[in-house]
Amino acid sequence: MPPYDLVNGPREGAAEVFFTVAAAVSGETTNTNALVYARAALHLRPGHVDAALLAADLLEAEGQHDLADAVYSTVPVDHPAYPEAAIGRAEVLMAIERNDDAIELLKSLVASRPNDPDILSALATAYRRLERWAEAEETYSRAIDAKPRIETRDWSLFYARAIARERQGKWEAAEADFRKALELNPDQPSVLNYLGYSLIERGEKLDEALEMIKRAVAGRPDDGYILDSLAWAYFKLGRYDEAVEPMERATELLPSDPILNDHLGDIYWMVGRKREARFQWRRALSFGPEPDEAKRISRKLEVGLDQVLAEEANGG
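Heads up: the sequence shown begins at 43 in my numbering, then just goes up one per residue.
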């Protein structure tokens, strides 16, 4: 029989009621209401770990990162929920740019549980967010190897490792991971988009790449970046008229993105709408592109896209 001392007295009973209400309303109302109940539960029963995790998560969602850090830190190291708390705390630390502290926290967690794929994945994701690609790849590999069996939901591990490999120039290994992710989740828009766009950029398997991006758009029709991929695929294939509509839609969804505005300028140029092209390039510059991109856009404004492409083809 289960013990009867789970709730000791009216104070702990009230804490449990407050926590139950907080958990119930957290997905149905504002975070503020749920947070009030969760904090009340913690006030009445300071060691209520479930209430601490909920309160910390709500504080993080509200942007109160220092408070979230403090609440996550109350979970004892020997508590079964400590890994969840440590991973949540690492997220908070990264949000306030205490990246080294976040990495050290996750590394210590991995050291104590070296074969836990979820913990390894959390560390790998932290490395990926910091663009520490080699460490991300190695740690994602450890997470994959730690899985007792590969399941549908593990598509994200292969997708993330593929990105880490692609960023290091390991294209063959990256493509294999992208395709493994699609084997596990064939209609996943992010994977279809990333692989399709990468193939287009490389000039490889263009028909297959275009179909992948079309499937990505079908799965996520209001994603500006995926629409940009479709438009850019048409552009790379020389199908400029077909590129206009998805690119215009992409810039409607993400009007301040310099790359998308630059792409729309290029497409307008190729369909003869040169005044509009120059407007889009100026607009792209106003949104602060990376220095190399800004230089290229400025050159297009000086001499036009045709001349820039000719210079690039000649190694200029």
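In case anyone wonders, no lab produced these hints; they're calculated from the structure.
A portion of the hints provided could be inaccurate.
Calculated lysine-lysine pairs in the DSS-like style (CA-CA distance at most 27 Å, straight line) [to be verified]: (1) Lys212 with Lys247; (2) Lys149 with Lys212; (3) Lys278 with Lys256; (4) Lys222 with Lys212; (5) Lys222 with Lys247; (6) Lys222 with Lys189; (7) Lys316 with Lys278.
So the derived label-pair ranges between C-beta atoms look like this [as the list claims (entries may be wrong)]: (8) Arg317 with Arg244: 30 to 36 Å; (9) Gly357 with Gly105: 20 to 26 Å; (10) Ser298 with Val119: 15 to 21 Å; (11) Arg140 with Glu332: 48 to 54 Å; (12) Gly357 with Ser298: 21 to 27 Å; (13) Leu296 with Val119: 42 to 48 Å; (14) Ile138 with Ser183: 27 to 33 Å; (15) Leu279 with Arg338: 19 to 25 Å.
Backbone N, C-alpha and C fix where the C-beta goes; we use that ideal spot for every residue, glycine too.
Going through the hints against the structure:
{"no.": "1", "hint": "Lys212 with Lys247", "in the structure": "holds (18 Å)"}
{"no.": "2", "hint": "Lys149 with Lys212", "in the structure": "holds (26 Å)"}
{"no.": "3", "hint": "Lys278 with Lys256", "in the structure": "holds (15 Å)"}
{"no.": "4", "hint": "Lys222 with Lys212", "in the structure": "holds (16 Å)"}
{"no.": "5", "hint": "Lys222 with Lys247", "in the structure": "holds (17 Å)"}
{"no.": "6", "hint": "Lys222 with Lys189", "in the structure": "holds (15 Å)"}
{"no.": "7", "hint": "Lys316 with Lys278", "in the structure": "holds (19 Å)"}
{"no.": "8", "hint": "Arg317 with Arg244: 30 to 36 Å", "in the structure": "holds (33 Å)"}
{"no.": "9", "hint": "Gly357 with Gly105: 20 to 26 Å", "in the structure": "violated (48 Å)"}
{"no.": "10", "hint": "Ser298 with Val119: 15 to 21 Å", "in the structure": "violated (44 Å)"}
{"no.": "11", "hint": "Arg140 with Glu332: 48 to 54 Å", "in the structure": "violated (26 Å)"}
{"no.": "12", "hint": "Gly357 with Ser298: 21 to 27 Å", "in the structure": "violated (33 Å)"}
{"no.": "13", "hint": "Leu296 with Val119: 42 to 48 Å", "in the structure": "holds (43 Å)"}
{"no.": "14", "hint": "Ile138 with Ser183: 27 to 33 Å", "in the structure": "holds (29 Å)"}
{"no.": "15", "hint": "Leu279 with Arg338: 19 to 25 Å", "in the structure": "holds (21 Å)"}
Checked against the numbered hints given earlier, this structure breaks hints 9, 10, 11 and 12; the rest are met.
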